[in-house]
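Colleague: These are the residues of each chain, in order.
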Amino acid sequence: MIEAKLKIATCSLAGCFGCHMSLLDLDERLFDLTERMELDRSPLTDIKELGECDVGLIEGGVCNAENVHVLMEFRARCKILVAIGACALNGGIPAMRNQFDLKECLEESYVRGIGLVNAQIPNDPEIPLLLNKVHPLHEVVKIDYFLPGCPPSADTIWTFINELLSGQPIALSYTQIHYD
Amino acid sequence: MSEELGFTLDGRRIPFQDGQTVMAAALAAGVYIPHLCFNPDFAPHGSCRVCLVKVNGRFQASCTTPAASGLTVQSETEELRNIRRGILQMLFVEGNHVCPACEKSGACQLQAVAYYVGMLNPHFSHFYPRRPVDASHAEAVIDFNRCILCELCVRASRDVDGKNIFAVQGRGIQAHLVVNTPSGKLGATHFSIHDKAAQVCPTGAILTKHQGYNVPIGQRLYDRKPINVVGDVAQLPESKGGRRHD
Numbered sequence: 006m007i008e009a010k011l012k013i014a015t016c017s018l019a020g021c022f023g024c025h026m027s028l029l030d031l032d033e034r035l036f037d038l039t040e041r042m043e044l045d046r047s048p049l050t051d052i053k054e055l056g057e058c059d060v061g062l063i064e065g066g067v068c069n070a071e072n073v074h075v076l077m078e079f080r081a082r083c084k085i086l087v088a089i090g091a092c093a094l095n096g097g098i099p100a101m102r103n104q105f106d107l108k109e110c111l112e113e114s115y116v117r118g119i120g121l122v123n124a125q126i127p128n129d130p131e132i133p134l135l136l137n138k139v140h141p142l143h144e145v146v147k148i149d150y151f152l153p154g155c156p157p158s159a160d161t162i163w164t165f166i167n168e169l170l171s172g173q174p175i176a177l178s179y180t181q182i183h184y185d
Numbered sequence: 007m008s009e010e011l012g013f014t015l016d017g018r019r020i021p022f023q024d025g026q027t028v029m030a031a032a033l034a035a036g037v038y039i040p041h042l043c044f045n046p047d048f049a050p051h052g053s054c055r056v057c058l059v060k061v062n063g064r065f066q067a068s069c070t071t072p073a074a075s076g077l078t079v080q081s082e083t084e085e086l087r088n089i090r091r092g093i094l095q096m097l098f099v100e101g102n103h104v105c106p107a108c109e110k111s112g113a114c115q116l117q118a119v120a121y122y123v124g125m126l127n128p129h130f131s132h133f134y135p136r137r138p139v140d141a142s143h144a145e146a147v148i149d150f151n152r153c154i155l156c157e158l159c160v161r162a163s164r165d166v167d168g169k170n171i172f173a174v175q176g177r178g179i180q181a182h183l184v185v186n187t188p189s190g191k192l193g194a195t196h197f198s199i200h201d202k203a204a205q206v207c208p209t210g211a212i213l214t215k216h217q218g219y220n221v222p223i224g225q226r227l228y229d230r231k232p233i234n235v236v237g238d239v240a241q242l243p244e245s246k247g248g249r250r251h252d
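Chains as they are written, first to last, in this note's numbering: chain X, 6 to 185; chain B, 7 to 252.
Simulated from the structure, these hints should not be mistaken for laboratory data.
One or more of the hints may lead you astray.
[As the list claims (entries may be wrong)] Below, a list of computed lysine to aspartate or glutamate pairs in the DMTMM-like style, where the Cα atoms sit at most 25 angstroms apart:
1. X/Lys147 - B/Glu84
2. X/Lys53 - X/Asp30
3. X/Lys138 - B/Glu100
4. X/Lys138 - B/Glu157
5. X/Lys108 - B/Asp140
6. X/Lys147 - B/Glu157
7. X/Lys147 - B/Asp47
8. B/Lys231 - X/Asp51
9. B/Lys215 - B/Glu84
10. B/Lys169 - B/Asp47
11. B/Lys231 - X/Asp30
12. B/Lys191 - B/Glu145
13. X/Lys53 - X/Glu43
14. B/Lys231 - X/Glu168
15. B/Lys191 - B/Glu157
Please model the entire structure based on the sequences and the hints provided.
Modeller: Laid out in structure tokens, this is it:
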């Protein structure tokens, strides 16, 4: 009997794609992984529509309306949702803007920035509206697993995915858990 | 009576001398109980509650509980580990602890204790408080975002340095660290990086300038080994990656 491959989706919200780079750092282990899983929507596949998935890996926090939409869609379609990296867990570097009013942040960049011509805050309707504050994922939807790190190392991700796929309790070693 | 005084900690007999606390006796016996506001150089403060243990079935802070013969103390139990993890999570969401952007990361006691108690996420909703950074001093910087109100700098400056530079003002959620000058700026004080107060912060709240990344991330105090093996950053000399002046 051929076992159906597990479907995994990934996305980067208010992140820097560093966690996805860490995922690619799995190197040759990716071949092994593709034997056991199939990528659905992900920056690595360019599939636009999220299908029904077993696991969703999410990098980055929630900083705008589109992030909220994508995150809720992932929650609705993924059986297991995993927050990966510092930004997904606590907002991370993008959440440092929470120290300021949104207006202050935008004005600092787009009005008072150096060398601006026709300085104005962008208001194209295609640009998702920013939230007043950046939030970690667990403040918006239920998250099943958390992988800290900025980014979590490829070894951490490898251990996690392997133990998840084999139905084992997730046991990360001391050096596989770090917040930086 | 020549019999040695002792109590039981997680089934192990811990000898103690009269006047010692449970924490001090455990430390002397080489048994780690996680802690943040406790530092053996100072009178116990009992404020962070991370060193919570069960003494004869009751929850007590081990740093303020006097050792006594016949006590049965539990420390490394699932129940206590869960409570300690909750305390760490509350400390993290109450301030702004952005480890990737903090030069103390990797040699930070708050972070190391969070690793020790198995904190994988903040669990609670973040407060994202707005707190200032004071870089007015030539040699040191205070980032109030990272202060956990352990009062170690307050105690060190008052009791060892004799300068009384720091204090905690306000109550409850309003409590915050202040610098004891009219301007509230560290630059207006006689604070020196050679002060004891500069060596005791368990977080990245008080930092020495111009040396943030002398030791690369990955080679820092708690990067390879946990705090129960390595010891407190404030107790280790600078030559070994700690903050204590050699």
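Colleague: Could you work out which of the previously given hints the structure breaks and list their numbers from low to high?
Modeller: Result: hints 4, 6, 7, 8 and 9 break, sorted rising.
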